[in-house]
Structure formats: structure tokens, C-alpha cells
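Enquirer: Each chain, letter by letter, is given below.
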Amino acid sequence: MIQTILCVLMAEIWNTSGQLLFKKSADALLFAPEEGRGTYGIFFKEVFRQPGILLGLFCHAVGLIFWLVALSQAALSVVFVLGSMQYILILIAARIFLGEKIDSMRFLGTLFIATGIALVALSGLS
Amino acid sequence: MNKAGGVTLRIFLAIFLNDAIDALAQVLMKKGIVGEVMASWNFHSLFSFVMQNAASPAVIAGVILYALNFFIWIVILTKIDLSLAVPLGSTTYALIPFSAVIFLHEKISMMGITGILCVIIGILILSKSKPTALSGVPTP
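From first to last, the protein sequence lines are chains A and B. Heads up: the first sequence begins at 1 in this note's numbering, then just goes up one per residue. Heads up: the second sequence begins at 127 in this note's numbering, then just goes up one per residue.
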């Protein structure tokens with residue numbers, strides 16, 4: 001069990017780092033067709049030129065290996081419940097590294113969703 | 127530059143589609159994994175665990191769906207804060223069981239109903255959160 005928890009935690013740390021890198025790169029992309037800037041064609045060309053995207057993919061690959069190992073050791077629902085740690089990590093990381101403003105609505109909403117998903121997973125529905 | 131806006135129906139639907147694909151990919155990978163537990167905790171058995179499962183068709187299908195999802199996710203991230211996208215992106219885990227109850231008449235416990243209600247309330251609360259780009263806080 002402890003091994004599973006550590007595996008999920010490692011997967012989430014790697015995934016959170018990957019998400020931060022993705023967001024940084026997405027903000028740097030020239031992509032806003034509805035504002036007349038950038039197209040999907042430019043998007044595909046530009047995506048893999050961002051070093052942050054490639055690094056983020058690497059982070060997700062490492063995270064995926066830890067996730068697969070965790071899945072091989074425990075039931076899907078147990079891994080999902082443990083996975084709700086991710087929301088706390090993302091909130092903290094987005095605040096520190098991206099300067100996103102975490103207002104009370106965002107904190108409360110995230111808390112509700114994390115609790116709800118843990119309850120659904122524990123009830124054996126998903 | 128942070129161009130992120132708030133939660134709109136269009137973005138919510140994009141995130142929902144993204145995560146429905148993700149859920150499918152995860153189920154495929156769980157089905158595709160062979161060999162229950164890693165023999166021991168070292169690099170060699172980690173490597174053989176990966177090699178053992180890399181050829182499984184279900185695992186490969188899962189990975190392909192992951193690749194498709196990657197592009198959808200990057201487009202989503204150009205439009206919305208990360209700390210909004212991630213919690214919204216996990217609502218499928220509650221909304222898919224919810225539709226199973228409605229359309230397939232699956233049995234549901236009190237705990238399951240409470241969980242689904244929590245998720246729906248959470249989405250409504252998140253839609254009231256101001257996007258960083260519009261709240262006057264400079265982004266680094």
C-alpha cells in the first residue's frame with residue numbers, strides 16, 4: 001500500500017511539473033484564431049518548437065510509468081482516490097510558478113470537486 | 127503573456143471531451159497490463175515491466191488516445207488558467223457514472239449521490255472564479 005501511495009505521489013509530482021511547462025508554452029504560442037492571430041496550421045508547426053512542450057512531455061512520460069506501476073498494484077478506484085492529491089499540488093504550483101490568482105471561488109470549487117470524485121471512487125461507481 | 131479567460135460552456139465542453147477520452151485511455155491501459163506486481167523495486171524490474179506491457183494492443187491504443195488528447199489539452203490551455211482547467215478536467219469521473227445511473231439504470235449508493243452533487247456544485251462554484259488575466263494581477 002505504501003508503495004502504491006509513493007508511486008501515485010511520484011506520478012503526480014511529475015505530471016504537475018509537466019502541466020506547468022505545458023501552460024507556460026501554451027501562453028507563449030501564437031494561437032488565437034478567433035482574434036485573427038494564428039491558425040491551427042501554425043499551431044501544429046509551433047507546438048513542438050517550444051522546449052517547454054518537449055520537457056513537459058518527458059515529465060508526463062515519467063509520470064505515466066509511475067501511474068502504470070500503481071495501477072498494476074491496486075484497484076482503479078483506489079488509485080483515483082489517491083489521485084485527488086493532484087488538485088492541491090496544482091493549486092499551489094499554479095499560484096507559485098504561474099502567478100495565477102486563487103480566489104476563494106477557485107479554492108472552494110476545487111475542494112468540492114476533489115471531495116466529490118473521492119466519494120464517487122469510494123462508492124465503487126467509477 | 128497570459129491570454130486566459132473564464133469558464134465558458136465551449137471551454138467546459140472541450141475539457142469534458144478531453145477527459146472522456148482520457149478516462150477511456152486509462153481503462154484500456156488497465157485492461158492491457160499483464161503481470162500483476164513488479165517483482166522487486168529496482169530499475170531492472172521497472173524496465174522489464176515497461177517492456178512486458180509496451181506490446182499490449184490495449185496499452186498501445188491507450189497511448190494513441192493520450193497523444194490525441196495532448197493537442198486538445200494544449201489548445202485548452204491557451205484559453206484558460208491551469209488551476210481552472212485541471213479540476214474541471216477531472217469531472218468526468220463523476221459525470222460518467224452519473225450518466226450510467228440515468229441512462230443505464232445502474233444502482234447508486236448514498237455516497238455516490240453525495241459525490242456527484244459535490245462535483246456539480248464544484249463546477250458551478252468554479253464558473254464564478256475570476257480568470258487571472260482579468261483580475262488585474264500581473265503574471266510573471
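No lab work stands behind these hints, which were simulated from the structure alone. These figures come from a predicted structure and were not determined experimentally. We put the CB at the ideal spot given by N, CA and C, even for glycine. A portion of the hints provided could be inaccurate.
[As the list claims (entries may be wrong)] Quick list of simulated restraints, FRET-style, between CB atoms:
#: 1; chain 1: A; residue 1: Val62; chain 2: B; residue 2: Lys233; range: 16 to 22 angstroms
#: 2; chain 1: A; residue 1: Met85; chain 2: B; residue 2: Met236; range: 20 to 26 angstroms
#: 3; chain 1: B; residue 1: Gln178; chain 2: A; residue 2: Asp103; range: 45 to 51 angstroms
#: 4; chain 1: B; residue 1: Ile190; chain 2: A; residue 2: Ala28; range: 34 to 40 angstroms
#: 5; chain 1: A; residue 1: Phe48; chain 2: B; residue 2: Asn168; range: 32 to 38 angstroms
#: 6; chain 1: A; residue 1: Leu108; chain 2: B; residue 2: Leu143; range: 23 to 29 angstroms
#: 7; chain 1: A; residue 1: Asp103; chain 2: B; residue 2: Leu143; range: 35 to 41 angstroms
#: 8; chain 1: A; residue 1: Leu54; chain 2: B; residue 2: Ile247; range: 17 to 23 angstroms
#: 9; chain 1: B; residue 1: Asn168; chain 2: A; residue 2: Phe107; range: 22 to 28 angstroms
[What the hints assert, rightly or not] Straight-line distance between alpha carbons at most 25 angstroms, and here's what the computed DSS-like set of lysine-lysine pairs gives:
#: 10; chain 1: B; residue 1: Lys256; chain 2: B; residue 2: Lys156
#: 11; chain 1: A; residue 1: Lys101; chain 2: B; residue 2: Lys254
#: 12; chain 1: B; residue 1: Lys256; chain 2: A; residue 2: Lys101
#: 13; chain 1: B; residue 1: Lys157; chain 2: B; residue 2: Lys233
Enquirer: For each hint, tell me whether it holds in the structure or not.
Expert: Here is what the structure says about each hint:
1. Under the hint 16 to 22 angstroms, the C-beta atoms of A:Val62 and B:Lys233, about 39 angstroms apart, miss the expected range.
2. Distance hint check for A:Met85 and B:Met236: the Cβ-Cβ separation is about 25 angstroms, which falls inside the suggested range of 20 to 26 angstroms.
3. A hinted range of 45 to 51 angstroms holds for the C-beta pair B:Gln178 and A:Asp103, which are about 47 angstroms apart.
4. Range check, B:Ile190 to A:Ala28: about 27 angstroms between beta-carbon atoms, so the 34 to 40 angstroms window is missed.
5. Between A:Phe48 and B:Asn168 the beta carbons are some 34 angstroms apart, a value that agrees with the proposed interval 32 to 38 angstroms.
6. Remark: the range hint 23 to 29 angstroms for A:Leu108 to B:Leu143 is upheld by a beta-carbon distance near 26 angstroms.
7. One distance hint, 35 to 41 angstroms for the beta-carbon pair A:Asp103 and B:Leu143, is violated here, with the actual separation near 27 angstroms.
8. Range check, A:Leu54 to B:Ile247: about 38 angstroms between beta-carbon atoms, so the 17 to 23 angstroms window is missed.
9. Between B:Asn168 and A:Phe107 the beta carbon distance is about 40 angstroms. The supplied range of 22 to 28 angstroms is therefore violated.
10. Among the hinted pairs, B:Lys256 with B:Lys156 is inconsistent with the structure: their alpha-carbon atoms are about 37 angstroms apart, more than 25 angstroms.
11. Restraint check: the Cα-Cα separation between A:Lys101 and B:Lys254 comes to about 13 angstroms, which is no more than 25 angstroms; the hinted pair holds.
12. Proposed proximity of B:Lys256 and A:Lys101 is supported: the alpha carbons are some 8 angstroms apart, at most 25 angstroms.
13. For the given pair, B:Lys157 sits about 24 angstroms from B:Lys233 by alpha-carbon distance, which is consistent with the 25 angstroms threshold.
Hints 1, 4, 7, 8, 9, 10 from the list above are not met by this structure, while the remaining hints are.
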